[in-house]
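Which chain is which? The protein sequence lines are A, B, C, D and E, in order. Note that this note's numbering has the first sequence beginning at 1, numbered continuously upward. Note that this note's numbering has the second sequence beginning at 1, numbered continuously upward. Note that this note's numbering has the third sequence beginning at 1, numbered continuously upward. Note that this note's numbering has the fourth sequence beginning at 1, numbered continuously upward. Note that this note's numbering has the fifth sequence beginning at 1, numbered continuously upward.
These are calculated hints, taken from the structure and not from any lab test. Treat the hints loosely; a few may be bogus.
[Unchecked claim] Listed next, the in silico PhoX-like pairs over lysine-lysine satisfying Cα-Cα at most 20 angstroms (straight line): (1) E:LYS293 - D:LYS347; (2) D:LYS350 - E:LYS293; (3) E:LYS204 - D:LYS349; (4) D:LYS204 - E:LYS204; (5) E:LYS101 - E:LYS90.
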Amino acid sequence: MENSSQFIQPNEPGTQLKNETGDSRDKISIMLYNTEKLEEKIIRISEVSEYKNLIDQNEVDQLWINLDNNYDESVVEAICDIFHIHSLVKEDIIQKGQRPKVDDYENYVFIVAKMIYYKERDLILEQLSFIVGERYLITFGDEEGDVFDRIRNHLRKEGSLIRREGVDFLLYSLINSLTEGYFNVLETMGEIIDLIEEKVLISKTNEEQKEIRKIKKDLLFIHKFSWPLREVTSWLAREESVVFNKSTKMFFDDLSSQLIQVIDTTDTYRELLSGLIEISLSNISYRLNEVMKVLTIISTIFMPLSFIAGVYGMNFKFMPELNTRYGYLITWLVMVVIAAFMVYYFKKKKWF
Amino acid sequence: MENSSQFIQPNEPGTQLKNETGDSRDKISIMLYNTEKLEEKIIRISEVSEYKNLIDQNEVDQLWINLDNNYDESVVEAICDIFHIHSLVKEDIIQKGQRPKVDDYENYVFIVAKMIYYKERDLILEQLSFIVGERYLITFGDEEGDVFDRIRNHLRKEGSLIRREGVDFLLYSLINSLTEGYFNVLETMGEIIDLIEEKVLISKTNEEQKEIRKIKKDLLFIHKFSWPLREVTSWLAREESVVFNKSTKMFFDDLSSQLIQVIDTTDTYRELLSGLIEISLSNISYRLNEVMKVLTIISTIFMPLSFIAGVYGMNFKFMPELNTRYGYLITWLVMVVIAAFMVYYFKKKKWF
Amino acid sequence: MENSSQFIQPNEPGTQLKNETGDSRDKISIMLYNTEKLEEKIIRISEVSEYKNLIDQNEVDQLWINLDNNYDESVVEAICDIFHIHSLVKEDIIQKGQRPKVDDYENYVFIVAKMIYYKERDLILEQLSFIVGERYLITFGDEEGDVFDRIRNHLRKEGSLIRREGVDFLLYSLINSLTEGYFNVLETMGEIIDLIEEKVLISKTNEEQKEIRKIKKDLLFIHKFSWPLREVTSWLAREESVVFNKSTKMFFDDLSSQLIQVIDTTDTYRELLSGLIEISLSNISYRLNEVMKVLTIISTIFMPLSFIAGVYGMNFKFMPELNTRYGYLITWLVMVVIAAFMVYYFKKKKWF
Amino acid sequence: MENSSQFIQPNEPGTQLKNETGDSRDKISIMLYNTEKLEEKIIRISEVSEYKNLIDQNEVDQLWINLDNNYDESVVEAICDIFHIHSLVKEDIIQKGQRPKVDDYENYVFIVAKMIYYKERDLILEQLSFIVGERYLITFGDEEGDVFDRIRNHLRKEGSLIRREGVDFLLYSLINSLTEGYFNVLETMGEIIDLIEEKVLISKTNEEQKEIRKIKKDLLFIHKFSWPLREVTSWLAREESVVFNKSTKMFFDDLSSQLIQVIDTTDTYRELLSGLIEISLSNISYRLNEVMKVLTIISTIFMPLSFIAGVYGMNFKFMPELNTRYGYLITWLVMVVIAAFMVYYFKKKKWF
Amino acid sequence: MENSSQFIQPNEPGTQLKNETGDSRDKISIMLYNTEKLEEKIIRISEVSEYKNLIDQNEVDQLWINLDNNYDESVVEAICDIFHIHSLVKEDIIQKGQRPKVDDYENYVFIVAKMIYYKERDLILEQLSFIVGERYLITFGDEEGDVFDRIRNHLRKEGSLIRREGVDFLLYSLINSLTEGYFNVLETMGEIIDLIEEKVLISKTNEEQKEIRKIKKDLLFIHKFSWPLREVTSWLAREESVVFNKSTKMFFDDLSSQLIQVIDTTDTYRELLSGLIEISLSNISYRLNEVMKVLTIISTIFMPLSFIAGVYGMNFKFMPELNTRYGYLITWLVMVVIAAFMVYYFKKKKWF
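One chain only, chain A, in its complex shape (with noise of 0.2 angstroms):
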């Protein structure tokens, strides 16, 4: 269920059913790679190091260690002391409820950026943690697995641009698919809204306006995240780090960019939002004026018919009109003719 206090700290607890069995908790997922081999692996936290030292002493071999969530914490600290990370790090990686941020220590930068995509009308996001060493690029996150799967499979291809460079260029293709989903989402949501439009015009409840809070809940989300993922694209593009390559910055001006739009997008997204409340709102008064003017007409044409009945109705003793012999015939006249004036005057005043 979403609620709002998730805003602050969505930690829950990651599911551990993938990982049922004890021994498959402790094993990680890594990629060696150079232009020319590549080695992919499940090994144990132990056998870590081993890689580390590979890495050390061969300049081309590029590492990529990918953990999910599931991940014990312990197996986090672990990883995180072979490589010698700051105890701040581990404690941002654990915490799930980060904000998109980019952090410089001297020889690796950290990285946490949320993904989000749709799942069966609820917006997801997940936490993704990345640390970024020479030559090693460590991932925390993607439980779904769908965004690095097809990351994984570019590196496979032999000759492929990304084969060919190094982690920062990784780093890169892992957030521009990241940014991808926010795309897919806001394209999701945009034809939400044409949805939504279609309907508040011609709706006669105040129902739609449930739906439009559930889409701007979703849009401050986006918006929430993207803008500070957008502060870490454009600080990669800036900042000077042993670890990035002068050509890799280029790629990141270019995502920076694109979450510009994402931003944009979402601003457009809440105005037409609000426009469409206002459409309901207004649409709610006009409909109670029209209500209104029904009761009206209908009132002011049978109260004066209604009381002229009443008043030949009355039993006095001396009321010469009764007696009269068209008296009756006179009085549907009356009636009649102040019925037809009443229905001309609205007509003429617009009413119906």
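Mind docking chains B, C, D and E on chain A? Use the hints.
Chains B, C, D and E in isolation, oriented as in the chain A frame:
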């Protein structure tokens, strides 16, 4: 049809109606010019590199290559390869949902801009891309052709300023006529808003709110694309680049201040429209008020009268008034007095 | 007539009524002055270059050339050619829909400003352009002439500050009296807003909203033109230019802080007006409430009474009450009690 | 009376009641002090220059000259001439509608500030001007005298901090007690807002909106004058000037952060008041709703009953029910059942 | 009780219940520690200077002096005199209504912060002041003691990070646990907002608006104090000061980004609450609409029927229908047809 999702990627594949014959697809319009001579041709993609060599050798010649949006991706890629354009640029040209931007790649500058115009009350926007290098300009877009044709005619005039200057001035001329498009759209909008205002002030429905919503959506568009376009022109006026002469910078500065005027005007229009919605809503409330007054006046006058008639319609045996000579007359008098008092009371309260 | 489209290009061709005689059209008012002497003349366009030579030779002379908005474009162009003015400047002078701005061209500075004043409750705005060079000032605009005439009189006074200083101080004096125009307009507006407020507080219609809308539109105008004008004056107070003395800068700084006051005041006024609209809307709602109460009181009192009268108007054979001696009286009593209770109930509920 | 136009130039000529005797008008209160001695006098304008010479010769003496707002322009001008003050400063002192500001003129600094206080629920604001030079401070304003008198008493105390420091600290003390005035006004406002809130929550009218409007207007004032005053103090804390000691800067920095608190509080109050208006409007709507329910309940119960009574009041010859023994009783039963059902229905719908 | 005026100076004198015995008032809790040893004591004010000398001589010792808010002003002043603290700092400590801020005085840094927590649905805020010098930290505040006790326990653990680092890290730990308080409050609020949302969606009154108002007021508080607190931490992370180690800066940077999260969340909550008010208002309007429909349906059905009954209740001598055999039956039929048509009509119009 206009829809919200176009705010992200209005990436409709170009309708290739114009180029139905297979071989016309790889023919490219070029203009090679300097102060003295002008060569205008439709060439094949394979011939482009010859022209590149020409301008590389002759320091006076300027080359304008134009492709509209219907060209194959392969043609775009071929052109880019000849001029050694970065792969990110290729992607940006092919993908239509770009935000206006400028990217500086040492030897050339890449610019994305949006052209807007009204086509039967629908706001159409079209992506234009520009690659400006030393003595060459490659343009992508302009399906309709009107905007570029005007500049083409200027170029054909011998001795014109545009012939004497380099491709940077040509670029200015193109963006300038694109900016004029923004002004034309805003002028049309201004007239539409005036029409809507006149309607709103006398309107009895809330129909105008839908029109206002449409204009508001269009304004969101214009704001969305004029803001970054101003950033582009202000960058061109400010930044140092191999490609631009100092004298051209002033022209881009002028463009930049014109675009501020565009943005100002969209802001003003949005405030005007918000004011109109306020008035429209207040009109609805006010009319509801008027309707209620009519109802209340009618009810307040006839309810007591009907009550009196009802009383003397009762069938009690002992009702002394019924048998008096002037009972009926007095009853009528009482009724008239009550009605008159009511009318007087409402007149005094200024209800009608 | 005031319309939205004037926000873009209120480019109405000057009405050439004043200059009906053909030859008066190329006559130009000039003032040549220094601390000691003052020469005031109407000359032909062909004579202008003589005067330019005069000030070029004599380092003390200051030249003020004034053209109003009715001059032919050709005259503007002739003047500009004599003083070697950039073609962009010419265009900006001729095109009336400019945003206030300042452009620095090495040897001269070009300034656009807007003059505003009330003419029978309509806000009129007029474009003024200034070209300030070393020892010459060319002004375009001021159809009515009042604003410039005042400065002209100052110039005629021997020993006045304006005579002792250069054309940069003359420029300051002109922009200063133009700024006073903004204050006058705001003062008038303040009085109008006070009047509207008094009306709104006792109003029974929503007529005031149209007046509020008019003032709001006018405020949008003033804000639109005072904001960039402040940028102009603050640029003049800050930037280094050949044309301006250091001592004049302080005066422009003062102007700049006056214009901040103008902008502040427009903001304050807009908040006041928004508050008035809120009150006006709340008044409408409140009055609707009052009307509904009257209706409800009337209905609630008479409906039960009429029902009782209706019951005893039924023609059943066996209705024992009808034949009792005091049936009628008791019925009346019951009715009075019910009515009294209703009145008491509404009094307690504070409905009236 | 409070009116909008005072936002521009509340330039009411000073009421000269206090200084009715002709010669008191050019008498000026001065204080000449240093750590050891204090001289307090009322002198004539002609004697001022003597005192100026005194402080020029004696590097320890500090001079405070005070003029209230009732002085003639000529006196202001005389003072300014003695101290060689720029003509722009003279104008700013005389013209009362100034925005708080600070102007740095090499040898002295000119400051305008606004004092505010409540006088029987009306917000009064008064312009104070300060000229601070080396060892002299000239103050203009403080009609009531309370604020300055407090500082005067401090000065009279031998050995007090204010006696040991220069006129820059005296200036700080004056602006500090002026700032306390802002806090006092805000505190009073806070209490008024609390009162209004209590009223709004139980109110049956929209009377409170007028009170809210008044407070909102007052807040606009305070915001308008505290914002630039903060700029003044922050300038004084930052800028280098001959006049100010480094140790005094810290005090102005403290003042600056106090004024941020003032601005924050006005913002908070404005949000609170907007919330109150929202609640007030929603109360009106809600009460309208309640009134309508009463009306609807009454109508829905009695209309069918009256209809039944009406049916049996018809005079058809052949109405079999009329002649039955229990017709009347059954009719009553039917009526009671209908009424009871209605009441049950509305109870279930929670209408009352 | 919560009131608006507390936004300025919630300067309630400390409740001195805890320290009822006269002599406990000048006893001060101190902790003297370094990596190896820890001394914890309650000392008299007169003994403080001894401890100051201790840390001045021993470069390893760190001293934490803690005073809660109940101490006499004289104690505060005594402490400040011993450590040569500026008089402005003393005032700021004693005056409780301070905005969070940081002031750099060469040898020490003065920090004001606000602690917030919920106490039975009321938001309590408490002012904490910190003076950090070289190897000493003086803290004022924390009446409840919970927050500081936690840190005290950390300190008692030998070998803990906090013992190994200087007082700057101790300061970080204190501000960190204070920041966690903000997160706790926001989490509670998130849950309250979820509850309110559920209520609003099904509510029939506008009671929830008062709850929303309360939360909104609390959010204003949090925003008011978290914003400047972030400025404090960001200053601590950035500025050079004698007092702070470079390694601690990173921790303050982390704190700063956590506080951005706090601010973001308050903004998100405020938007959520505004949306709830919108929905609440729209619900009221919508229900009014529903009520009106019921009224209109009832009136529209029964008014014509009652009219017909009224007509045949007239006492005219010559009313042929009255004497026909099936007149009564036909009248009933006509009535049923009219009622049926009305019901059909409203069904078609989807009124019920």
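Status of the hints after comparison with the structure:
1. Distance check on the hinted pair: E:LYS293 and D:LYS347 sit about 18 angstroms apart at the alpha-carbon level, within 20 angstroms; holds.
2. Annotation: proposed proximity of D:LYS350 to E:LYS293 holds, straight-line Cα distance about 17 angstroms (limit 20 angstroms).
3. Distance check on the hinted pair: E:LYS204 and D:LYS349 sit about 10 angstroms apart at the alpha-carbon level, within 20 angstroms; holds.
4. A distance of roughly 19 angstroms separates the Cα atoms of D:LYS204 and E:LYS204; the hinted pair therefore holds under the 20 angstroms criterion.
5. A C-alpha spacing of about 14 angstroms is found between E:LYS101 and E:LYS90, which places the hinted pair at or below 20 angstroms, so the restraint holds.
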